[in-house]
Each structure stands twice: as structure tokens, then as C-alpha cells.
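Engineer: Following the hints, complete the assembly by docking chain B onto the known chain A.
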Amino acid sequence: MAYIRKRNRRIFLIFLLPAMLVLFLTTIYPMIYAGYLSFRSYDLAKLFVPRVFVGWSNYAEVIGSSEFIHSLITTFKLMAMTLSVQLVLGVGIALIVTQKLPGMPLARTLLMIPMMISPVIVGLVWLFLYFPELGYLNYFLSFLGIESIPWITSTNWALWAIAIADIWQWTPFVMMGTAAALQSLSPEPYEAAMIDGNSRWDVFTRVTLPQLKPVLVSLMFLRAIDAFKIYDIIFVLTKGGPGDSTEVLSMFIYRQSFTFWRMGVGAAASFVSLVIIVVLITLFFKSLQREQHA
Amino acid sequence: MTRPGLQQKILIYLLLAIVLIVFLTPIYLIASSSVKPSPIMFQRPPAFFFTPTLEHYQDLFGMRPFGKFILNSLIVALGSTAFSLTIGSLAAYAISRIRHKRMNDVAFWILSMRMFPPIAVVVPYYIIFKATGLLDTPFALIIVYSTANIPLTVWLMKGFFDEVPTALEEAAAVDGYGLLATFWRVTLPLAAPGLAVSAVFCFIFSWNEFLFALMLTGSNAQTATVAVMSFWSSDAVQWGRIMAGSFIILIPGVIFVLTCQRWLVRGLTMGSVK
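Residue numbers (the numbering used here), protein chains in the order written: chain A, 1 to 294; chain B, 1 to 274.
These aren't lab readings, by the way, just hints derived from the structure by calculation.
Quick reminder that beta carbons are idealized off the backbone N, C-alpha and C, glycines included.
As a list, the in silico DSBU-like pairs of lysine-lysine whose alpha-carbon atoms are at most 35 Å apart: (1) Lys130(B) / Lys68(B); (2) Lys77(A) / Lys229(A); (3) Lys9(B) / Lys213(A); (4) Lys229(A) / Lys130(B); (5) Lys77(A) / Lys239(A); (6) Lys213(A) / Lys101(B); (7) Lys229(A) / Lys101(B); (8) Lys239(A) / Lys229(A); (9) Lys239(A) / Lys130(B); (10) Lys6(A) / Lys101(B); (11) Lys77(A) / Lys213(A); (12) Lys229(A) / Lys68(B); (13) Lys100(A) / Lys213(A); (14) Lys68(B) / Lys239(A); (15) Lys101(B) / Lys286(A); (16) Lys6(A) / Lys286(A); (17) Lys9(B) / Lys100(A); (18) Lys213(A) / Lys229(A); (19) Lys286(A) / Lys229(A); (20) Lys286(A) / Lys213(A); (21) Lys286(A) / Lys77(A).
In silico negatives: residues of chain A with every beta carbon more than 12 Å from chain B: (22) Val52; (23) Trp56; (24) Gly64; (25) Ser66; (26) Phe76; (27) Lys77; (28) Met81; (29) Glu147; (30) Ser154; (31) Leu159; (32) Leu209; (33) Pro210.
A few chain B residues that face chain A, going by a derived Cβ cut-off under 8 Å, partial list only: (34) Phe108; (35) Met113; (36) Ile242; (37) Leu264.
Next comes chain B alone, as it looks inside the complex:
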């Protein structure tokens, strides 16, 4: 493409500034409101410089067991990530290695599993978990989140396994390695970056999820996203606590974007953008 001239450069940066302001203001608002004293929360014009306070964070962890809800979120997210990586990377390996005309259909079938509307299966889940006594336990959410995380892992890991040369596996087979040993000792270590990326995607999805957490948990297994929502009620909205909780919840996602944005395209577009 042609190099833009000075005037065009100024126009481009002006437009970029507007775009950045629009898209980053809400994030700035969460961060600043979480440390803003309540009396100036909605002050006009908004206070850019003020003495930050930790009162909202103290409220959050002091008056309500928010720490417990964060722990629940962590347990559920880590549990689902571990389970999905195990099952998902095994399946991805099979899809990558078996040469059969039906394999494409199997891959699409697995991928389609993460596209179904959660609301359509929440009633059956509720009934099944109630009958089995799993309602309001982290286990229920681990299972439910894995239905979305396994397909995602399969899709991502297949791409990484495709890039591992089969010659290495054949050499390992000659050395007397079995199928699982070859997979575990040769292929998987070479696809380690894929495992890391899949793990982060699974973790963030589970950490951010709200609908199932709202319907399938109560006081025992409630996660942080549901807890934050509980500070909202029509008569008294506790904005300070909401913003402090929101800020804590958005940290993992922001770190992920800043450190591995190049994997976002692959993970979010389901292979439709190379």
C-alpha cells in the first residue's frame, strides 16, 4: 500500500484517538471508580485526580465472603481447564492423525457443541444436577463449562498437532514406544505452546461465565461473577463494591490480551481466519 502523507497521518491518528477513547473509557471507569470515594462517584465533571481509597475493596472482602466466591471461581475454572485439556487434547490428536473421510464431520460435530444456546439446556441441567445431588457444587459447573471448553481445546490443539512432524512419532514407534507413550513423551511436549494457549482460553471462559453459575449454584458454590451481580438491587446499588469486584474479575482477561493477543484470532474465530 502507498505510504500516507502528513495530512493523512494526522487524520489517521485523530480517528485512532477517538476509537481508543470510546473503547477504553469503560475500562478506565471500572478501574477508577473502584478506588473513588463514594461521594464523588458521579461528580460532574468526573474527578480525574483524587485521593484513591481502598474502602470498596475492604467492604468487598470484609462484609461479604467475596474471597470465598473468588476461590469458587478459581476451583471451577482450574478444574474445568484441567479436565478439558486432558480429554480435548487426546481427541485433537486423533482428529489430527486419523486419515478418514468422516473425520471432518467428527471435528465439526465436536466444534458445534460449543455453539448451542446455554439457556436451552439450563432446565435439563438443573433437573439432572438436583436429582444427583450435585446442584450448588463446583463439580456441576466444572462439567457444564467443559462442554464449551473441550470443543475449543480440540479445535486449537488440532492446529498445533498438525504442525508436529509424524516422522518423529514414527521414529519413536521404531524405538518401541506405544501409542500413548509416543503421544505423552514426543508429541505433547512439542505442542506445549498449544496447551498453554488452550488452558488460558478455558480458564478465562470459565472465570467469566455467568448464566450457568447463576442458575446452578447457591450460597455454597457461588462464583465471583454472580456475587458481583448481587450488589445490584433496584433500591440501593452499591457501585463502589460492584466496581471493585468487576476490576478483580477483569484482571485475568486483560493480562491474557496483553501477553498473548496473537493467539486470540485463532481461538475466537474457529479457524475461519488463518
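Bound conformation, chain A alone:
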């Protein structure tokens, strides 16, 4: 026992400590620093030099501002839009591409491509499609009898324009995870259900979905954590506009810090966002551990 403990300590020191130190210095320390900055005021002449201690006033300003609350609501609205569509479409496509038919493995592979494309490029190609007057999307839609839609120039449509780009990039993620889970399901419950004379829809809702549930929950958590951080696509497509219709939390922080140069307010909002993401991550890990113990 003593030998093992000594060996463990050596493995810990040589192998694990460097990573923990690096991550502490590069992640935890900047976060603590962000916390420190959020209690300071700033001078427009020396932007990046924190000045006097101002207590909770930056936080009071953030939480009391209707723009911040609006950005928070927009973030969760966008999250709800993208996650629900990605879940339904992803599971639906997974059911198609897991059929034992020729060409399906290739289709699965091709459908994964969007995930590995830089979000800036995703934003740019959708900008190309949405572009007022010129973009091809409205032209394609006209064949379905849909009238021209002012995608990125109207406050009603801009959030959907962003959601569609995100849905395009990340539905494959739900598809991929669901397809992997579907292929590892055991066939027995299906045979039993089919013998009992259930319809396909009944089999899907009563046999398949309950078995997929843990995987789908995990996939949705990972998507939620990502959706909370969404930035690049919005930066390319709308920069938060028109008006403030697509100003999500990360855009709010960006504009406060780098457009209005209110560093303290930006830092305070950053800290609020860190608290929210910690809650999301903790819930995710709790659900993962519950699944492992089950």
C-alpha cells in the first residue's frame, strides 16, 4: 500500500501537476482577474488600467440595465430556438441514416462536415445566402412560393437568420450522437414490440426514445453550453442588430467593453455569465455521473 501511495504521488507530481498549473494560470487566474476588474472603475484615457475600487456599482449597473436583461433573454430565446430544432431534425436524420441501406455510411460522413468548419466561415457563407437583394436563399425559397424575406435587415427575422446558421452547423452533432447511440441499441425489445403488433410510431416512442433519453439529454446539455457562448456567427451576420434584436450576452459584453469602453461593466457582465455557465456545467456533470452509476 505504502509503495502504491508513493508511486501515485510521483505520478501526480510528474504527470498531472504541470497540466493543473498551466490550466490554473491560463484559465482560473484570468477569471479571478475578471472578478477583480469588475469591482474597479476605468479612465477613458488609460483604458486598460483599472482605477479605484467601486464596490458593487458595476454589478448594480449591469443587473439594473434593461439592455443586459434583454441580452440574457435573447440568449435563452436563441438557445431554445436552436436546441429544439436541432433535437427534432437531428433525431429524424439519424433515423434515416442508420437504415441498413447502401450509401448510408457515406451520407453520415458527408453530413458531419459542417461541424468542422470555422464558425466565421459559416457566418460568411450564410451572409452570402442572406445578403439583401443578391443572396440566393430568397431565390431558392421563391420556388416554394415563399415571398422574399428580409433576413438580416429586419428585427423580426434576424434572430431566426442566426438560428438557421447555427442549426445548419450543429444539427449534424445531434444526428451523429443519436446515430451512434441508435447503432448500439440491442435489437430484442424491437422484435418483441413488433411481434406485439405495435405501429412504427409506437415502437419509436415507447421503445427507442426511452433508450435514447440519456444520450439526448447529454447532447442537449453540450449544445446549451455552446449556445450560451455563441459569438462568431452573430459577429459576422448582424453584430447584434438590427437594433438590439440579436444582441446576446456575449455581444453585450463585447459592446460594453470594446465599443462603449466600459470595461468595469463588461467585466461584471462577464462574471455573471461565468456563474450561469458554471451552473450549466455542474448540471451536465451531475447528469453524466448519474448515468454512469445507473
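Structural biologist: Relative to the frame of chain A, chain B by itself:
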């Protein structure tokens, strides 16, 4: 599951065709627009057959130093990959081998490090790098990207180390190998596929990143993703150059998907899908 009948087969392939068209059209548009002459860029109906031109690529590399930005992207991506693989695989080995009840917490702590919103730490990074004179250097981005790449490497490599039998390491210890020598000569070679997969993930993440590159670099260390965005301005959008640059940037990711898609599930779902 039951075998689908002919009618169902036709329906399935019809649906699949629609899905493929929707998901692949944007990629086709990038590729075709990058070699499409500017006058017919937005022609209706879109021109499927045209004489391809390399003018956008010539513009890209001729008038602006796009080659330099690609080189910057390569330096940053390779640097961060090398650093993350070294630190990350060592840590993964420890997590895989130490039997202790707190190890699970350590693993989750490391993993959670890659989930934080980048925008929340960009101001502290800016101030720290400005104070240390590292702003607008590849070094700053290498450090920042490693905060996401190390956790990913740890997570992937742990899975590969778990599959290496400890009996081999014990045999090496009997032969007089030390801890590091055993790791280097016995365990790591057996987990080589894991290193390759982790390397590709780290590379693609760094290569594709935009937010930090935008905030922490200027004319000196600017990467390709930021450079492509600079062809966009509200008065004159240079679509040809944007599409040519975009096509170059998306090549590594596409190659990765086509060659090692089976590792994507493991790398992207953080172990929640087996």
C-alpha cells in the same frame, strides 16, 4: 429492425436527398464561388457550368499578404497542438492510472476548463498580454488555445490509456524502467492512434478559432480567419476573395471528417456517447 419495403426505400432516399442538398449546398457555394468570375457571382439562375477562374486566389495572395496570415495560423495551430499534446497526455496518463476517489473530480475540473465562454476572459487576457508585451504575437494565441486543447487532449487520451494493459507497464518496471521511461517507451507508442486523433482535433480547433484571434492580434500575428473577415466591409464586400479564403480555411476540417469521422463522436461528445 425490419427491412424496409420498396416504397419505404424510395421515401427514405428522397428524404435523404433533401437533407444532403440542404446541408451540402453552402459548402458547394463556397467552393464554386471561389472560382466564379465576379460578374456572374449572383447570376440567376446560378451558373453551374462556367469557365473557372483563379483571379480571386491571385487577388488573395497578390494584393494582400494572405500567405503570411496562413503561415501565422499554421504556427499558432501547430504550436498549441504540440504544447497541448505534451502537457495533456501526461495528465491523461495520471488520471488513467492513479486509483483515488478524487480523480474523477480532477478529470471533470480539467474538462470544465474548455467550456467557459471565451468572451468572459478576453479582457483579462488582453490586459495581461499587453502588460507582458505578448499582445499580437503567436505565443499569446498558442497559450490561449491550449486552455481549450489541453482538456480535450486529456479527455481523449485517457480513453486510449485505459485500454493499454497495465501488465505491460509492470513488466517494464521489472526490467528496470523508471516511470517516465515506461510511459515514453511502452505506454505512449501503444496509444499512438490517440495522439494522432488528439493532434488533429487541437489543430482544427486552433485553425478555426476567430474571437481570440480578432481581439489579441493585430497586423503582425493576425490569423487567416481574421484576415478573411477583413474583406467584408459595409460598402464593398469582396465576395470572390472571401470565398477563396474561406475555401482554403475549410480544407483541413473537411479532410479530417472524410478520413477519421469515427473519432468525431468521441472527441465532440465528451464521453457522453459511448
